[in-house]
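Novice: Read off the chains here:
Protein chains: 2
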Amino acid sequence: MQTIRVELGARAYAIHIGEHLLSGAGLILPHLDLPKVAIVTNTTVAALYLQQLAEGLRAGGVDVISIVLEDGESYKNWATLNRIYDALIERRCDRKTTLIALGGGVVGDLAGFAAATYMRGIPFIQVPTTLLAQVDSSIGGKTGINHPLGKNMIGAFYQPRLVLADTAVLTSLPPRELSAGMAEVIKHGLIRDAAFFAWLEQNMEKLLACDPQALAHAVRRCCEIKAAVVAADERETGDRALLNFGHTFGHAIESGLGYGKWLHGEAVAAGMVMAADLSRRMGLIAPVDVDRIIALLKRARLPIAPPGIAPGLLLQLMGVDKKAEGGNLRFVLLDALGAASVRAGVPAALLQQALALAAA
Amino acid sequence: MQTIRVELGARAYAIHIGEHLLSGAGLILPHLDLPKVAIVTNTTVAALYLQQLAEGLRAGGVDVISIVLEDGESYKNWATLNRIYDALIERRCDRKTTLIALGGGVVGDLAGFAAATYMRGIPFIQVPTTLLAQVDSSIGGKTGINHPLGKNMIGAFYQPRLVLADTAVLTSLPPRELSAGMAEVIKHGLIRDAAFFAWLEQNMEKLLACDPQALAHAVRRCCEIKAAVVAADERETGDRALLNFGHTFGHAIESGLGYGKWLHGEAVAAGMVMAADLSRRMGLIAPVDVDRIIALLKRARLPIAPPGIAPGLLLQLMGVDKKAEGGNLRFVLLDALGAASVRAGVPAALLQQALALAAA
Chain A
0 MQTIRVELGA RAYAIHIGEH LLSGAGLILP HLDLPKVAIV TNTTVAALYL QQLAEGLRAG
60 GVDVISIVLE DGESYKNWAT LNRIYDALIE RRCDRKTTLI ALGGGVVGDL AGFAAATYMR
120 GIPFIQVPTT LLAQVDSSIG GKTGINHPLG KNMIGAFYQP RLVLADTAVL TSLPPRELSA
180 GMAEVIKHGL IRDAAFFAWL EQNMEKLLAC DPQALAHAVR RCCEIKAAVV AADERETGDR
240 ALLNFGHTFG HAIESGLGYG KWLHGEAVAA GMVMAADLSR RMGLIAPVDV DRIIALLKRA
300 RLPIAPPGIA PGLLLQLMGV DKKAEGGNLR FVLLDALGAA SVRAGVPAAL LQQALALAAA
Chain B
0 MQTIRVELGA RAYAIHIGEH LLSGAGLILP HLDLPKVAIV TNTTVAALYL QQLAEGLRAG
60 GVDVISIVLE DGESYKNWAT LNRIYDALIE RRCDRKTTLI ALGGGVVGDL AGFAAATYMR
120 GIPFIQVPTT LLAQVDSSIG GKTGINHPLG KNMIGAFYQP RLVLADTAVL TSLPPRELSA
180 GMAEVIKHGL IRDAAFFAWL EQNMEKLLAC DPQALAHAVR RCCEIKAAVV AADERETGDR
240 ALLNFGHTFG HAIESGLGYG KWLHGEAVAA GMVMAADLSR RMGLIAPVDV DRIIALLKRA
300 RLPIAPPGIA PGLLLQLMGV DKKAEGGNLR FVLLDALGAA SVRAGVPAAL LQQALALAAA
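Those protein sequence lines, which keep their order, are chains A and B.
Quick note: the first sequence uses numbering that gives the first Met the number 0, first residue 0, plus one each step.
Quick note: the second sequence uses numbering that gives the first Met the number 0, first residue 0, plus one each step.
Simulated from the structure, these hints should not be mistaken for laboratory data.
The beta-carbon is built from N, C-alpha and C at its ideal position, and this holds for glycine as well.
Hints are not guaranteed to be accurate.
Pair by pair, the computed Cβ-Cβ distance ranges are [as the list claims (entries may be wrong)]:
hint, chain 1, residue 1, chain 2, residue 2, range
1, B, 8, A, 347, 41 to 49 angstroms
2, A, 78, B, 46, 28 to 36 angstroms
3, A, 28, B, 334, 34 to 42 angstroms
4, A, 94, B, 11, 18 to 26 angstroms
Generate the whole structure from the sequences, applying the supplied hints.
Specialist: And the structure:
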């Protein structure tokens, strides 16, 4: 097991990474105010891992209730959140009950927001079960739900007390989910660590085959990078925005295709290609850098361009209006493989050219 | 104008108290990230003060949108909160838009929770227009909504950047609202400041007549007391609970009568009598102390006992079950006029006797 600290002063916490951490409750028990937990999960994950986690906790003397939600991003809404509140109230959970999110990004976001807002905040632990959640969404305290008018519009920054990343569970992931998580893994290398990007080039096939050592290394390195970025800028007033590399394009692609068609990681992959292409057009990186990025994404079985979406629609979905086109365009761009920065004053013409990739 | 600081480190803020602070935007402007604000208020307050506040801000170059809610505790729910979200999204408010709550406790709680959760938190300013909001609910960062199964079950701790308490607006309060706020004023004296309690005994009639000097003094002293308590224990893990003096009983009374029948402050007044009576039965204060409390509440035109509610029902509404009766009963009690503490091990028999007041 390896442990990484997210240094956030009074809200600091540990991320434990290793195989088969789920079944022993020993890592969780010291973080409970009272021996009572509510596990929030979904039907898919419950069938695989709920019993394992719950039994370990019960063996440790913990009163465990479970709240099993439907599986899917379309359930990341107020109605599902309210189901969690109802269950917490009906089961007489109070401020000392710990909420545990067992699942991927949707479960973590929903459960985290429930923990942030039930009785004005109760203890919270993340047990991410997808690669994307282990390397990205479970760390850093972003929680929330979608609003009919926008994704993640309602939410809170709320840090967990502990993140438990059991890499053994990744072997049960459908290959498409594993690849989608790999997009965020590659992103961490691109924005912060050229050596890690090169390591990914050496080890992509091992990762896709769920080689335990390779997975453990990738998850650890991503957690280290994300933990450092979050510790320096918890509320995204500065460098935390670098974690959004490829996401402005990616969100527009997700939205343009209709939510649920592509996985988030798939849209981010195609979005990173656009952002890399724009970085090249700005003269920041070389064509060969873009080629390396595309090659690695392809090997990770990720899409590198969405099926034809008109550039005009993408612009609109990115919230770029006529005024913004006047010169206020800001994007996270690459200065090199392994280094990113926020750049303002992106010429509209170059943006149009990068977007044309989507129509190709 | 007088200014009190709530010392909360990076989240510290000022409470300005004075007459006619509403019309000048000068106190608000320095706290805005961008010159764009969304004022959340209700129909009653909008008719009296919205124009005044909005025009001052517009004269200061601020883009002002207003969101006018229905008036009443029954609207402190998800549906109303969603109306705020919808309006913020439709009017393209982003993370740099400041939300201003203009109104009493319900508006402050709702708007504060919207500010805490819209795009994971936007700047927030409180402009309380009731006595209760000026001396209590606008300070300390408690925000939230009611859930069908419980009051204030959903919420967040979210501090404003500024509280602007314009005492001139209190003259427009219905007498019953003014009295209800006086219950919390008296509470601040009872739990922390015997001299202030004695001052209230000297000045109650002036306060009820909205004498400007007297009101300014009472609001200031309450803000000082609450600011000190909150600064020492923001998330209510210790002494902040003392602010709940009379509230465990009060909430049960509100609930037993049916919400909306009594104002919160009225229920708190009767609840404080029960808590004082229980303190006397525990041998902590003298009968003459209880008499002084009852006399002052009466002069503030507040009820001192609810119309007959069976003690058994009150016990149930207070969440006291058979197990708790075994000895784990904890209450905020008075050690003297001006000093309170949380006491465990209250004998069930004494509690029953105090509750019998309600049936009298």
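Novice: Each of the hints needs a verdict: does it hold here or not?
Specialist: So, going through the hints one by one against the coordinates:
no. : hint                               : result
1   : B:8 <-> A:347: 41 to 49 angstroms  : holds, 43 angstroms
2   : A:78 <-> B:46: 28 to 36 angstroms  : holds, 35 angstroms
3   : A:28 <-> B:334: 34 to 42 angstroms : holds, 37 angstroms
4   : A:94 <-> B:11: 18 to 26 angstroms  : holds, 25 angstroms
Checked against the numbered hints given earlier, this structure breaks none of them.
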